[in-house]
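Here the sequence shown is numbered in my numbering, starting from 73 and rising by one per residue.
Calculated from the structure, these hints are not laboratory results.
Do not rely on the hints blindly, as some may be mistaken.
What the hints assert, rightly or not - Computed beta-carbon distance windows for the label pairs: (1) Gly390 x Ser227: 22 to 28 Å; (2) Phe328 x Gly390: 31 to 37 Å; (3) Thr130 x Lys229: 41 to 47 Å; (4) Arg234 x Gln377: 37 to 43 Å.
As the list claims (entries may be wrong) - Straight-line distance between alpha carbons at most 25 Å, and here's what the computed DSS-like set of lysine-lysine pairs gives: (5) Lys314 x Lys359; (6) Lys269 x Lys145; (7) Lys293 x Lys255; (8) Lys359 x Lys375; (9) Lys333 x Lys314; (10) Lys293 x Lys145; (11) Lys393 x Lys375; (12) Lys229 x Lys145; (13) Lys255 x Lys341; (14) Lys341 x Lys359; (15) Lys360 x Lys380.
Using N, Cα and C, we set each Cβ at its ideal position, and we do this for glycine too.
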Amino acid sequence: MKTIILYFLLILIFICESTNAAVVLIYHHVSNTTPKSTSISPEDFEAHLNYLETNEFTVIPLIELVELIRQNKPLPDKTVAITFDDAYRDVYESAYPILKKRNWPFTFFVNTDSVGKGKLFVTWDQLREMSKNGVTIANHSTSHNHMVRRNTEESVKDWRIRVEREISLAQDNIKQEIGFAPKIFAYPYGEYNSELKSILEKLGYISFTQQAGALSLIADKQILPRFPFGGSYTKLDDFILKANSVALPVTSIKFFTADRKPLITNSVKAGDKPFFEMQLSDELLIKKVNCYLNGEPMAIEAKEQSIKIAFKKPLEQGRTKVTCTAPSGIKGRHYWFTQLWLATDKHGEWKYTD
């Protein structure tokens with residue numbers, strides 16, 4: 073009997089620890105007239121916010137969450153941070169008034185070269201106004217190019233110099249125009265590899281992707297997740313599921329080729345069929361995890377302390393996201409983790425564009 077009680081106490085303790093997570097939301101357009109794939113209607117956006125308010129979620133600035141992560145302090149449960157990417161003007165015209173009315177903070181990741189360029193993008197005056205009203209303006213590069221891509225005949229060394237310069241220039245632009253630029257970064261298109269991660273770490277940033285999942289203190293600080301909402305992923309049922317998610321406790325990830333040779337990055341050539349192994353801090357979860365590619369179950373091999381996830385077919389050129397979930401033991405809440413893969417052309421070059 074004592075053994076059974078101890079077992080259930082351990083489960084209860086881990087469930088409590090698993091809710092030590094927060095969720096970051098990412099939007100692009102709040103509009104009925106912008107590209108559907110990256111847009112949410114003002115009505116659906118309001119529905120998201122109404123749910124958060126009605127269900128007593130706490131909305132805090134992203135930089136407060138980042139500071140908790142830097143200091144390794146507990147993340148408060150039922151807490152969200154709201155973010156927008158790409159410097160679009162409808163964020164100022166549509167989203168900002170809605171959030172200002174509620175006195176809710178948000179972070180606006182801007183690609184600085186686009187600011188003030190035509191009717192599609194915000195101006196620096198508009199960004200300064202938002203900043204004075206609690207909006208954090210943050211770094212999304214200068215150009216919004218595919219940063220993992222090297223130019224023709226560009227060496228790795230020259231690529232690193234160019235990317236470092238672009239990140240630093242965008243940071244300087246924001247600091248000069250706004251007066252403050254936090255050391256947080258959002259990858260354009262959500263694309264990263266090990267080399268780009270190392271540059272951001274060297275420069276002292278904490279960086280965010282567009283990979284779905286909840287934040288946790290053990291997550292890689294250069295690829296923190298955000299739940300994207302746009303296109304077919306805007307309805308309230310989907311939002312409720314994601315807003316209530318908790319972080320799958322992944323402690324390490326290893327990448328391999330099909331013939332088990334270690335990979336140092338999440339980038340492979342199109343036609344390859346890699347696999348990866350995840351180690352979890354809770355062995356009880358290992359047999360409960362399911363992973364999906366485009367909604368289809370993937371081949372999973374549960375080991376003693378890790379999970380092997382393999383692709384059934386070779387990867388096609390472009391971005392591929394693997395989503396892994398598991399029941400948390402709390403009604404309406406699920407563990408959630410997403411892994412990004414980049415498949416280059418046969419020459420190893422990233423030529424994919426949206």
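(message) Output the indices of the hints that this structure fails to meet, ascending.
(response) 2, 9, 12, 13 and 14
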